[in-house]
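Trainee: Sequence:
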Amino acid sequence: MTLRALAALFAYSDDSSYRAYQTDLMEYNCAFAVRIHNSTSSQQHQHALKRLKNWENYLRTLMVSGC
Numbered sequence: 082m083t084l085r086a087l088a089a090l091f092a093y094s095d096d097s098s099y100r101a102y103q104t105d106l107m108e109y110n111c112a113f114a115v116r117i118h119n120s121t122s123s124q125q126h127q128h129a130l131k132r133l134k135n136w137e138n139y140l141r142t143l144m145v146s147g148c
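Heads up: the sequence shown begins at 82 in our numbering, then just goes up one per residue.
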């Protein structure tokens, strides 16, 4: 089983009530991200982008090193 297929198992539930919960949660999280974005300055956006990029680079380094 590929990693993509395994992730799909976690992303989709046979339970319709849980799928509805997942949809509600995603909508809430998206709205929350929009509120945070709209309440911060351009300078704060750039700072966050730099930090996230550093974390991405760190995780890529870990993946390459086999950790």
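No lab work stands behind these hints: they were computed from the structure. Here the structure is a predicted model, which is why all the values come from computation and not from measurement. Beta carbons are placed, not taken as given, at the ideal position from N, Cα and C, and that holds for glycine. Heads up, a few of these hints could be off.
Stated by the list, open to error - Okay, the calculated beta carbon distance ranges per label pair:
id, residue 1, residue 2, range
1, 110, 143, 19 to 27 Å
2, 111, 135, 21 to 29 Å
3, 146, 107, 38 to 46 Å
4, 127, 106, 27 to 35 Å
5, 145, 83, 28 to 36 Å
6, 117, 83, 28 to 36 Å
7, 107, 85, 31 to 39 Å
8, 140, 120, 39 to 47 Å
9, 87, 143, 16 to 24 Å
10, 144, 86, 34 to 42 Å
Trainee: What are the numbers of the hints the structure violates, in ascending order?
Mentor: 3, 5, 7, 8 and 10
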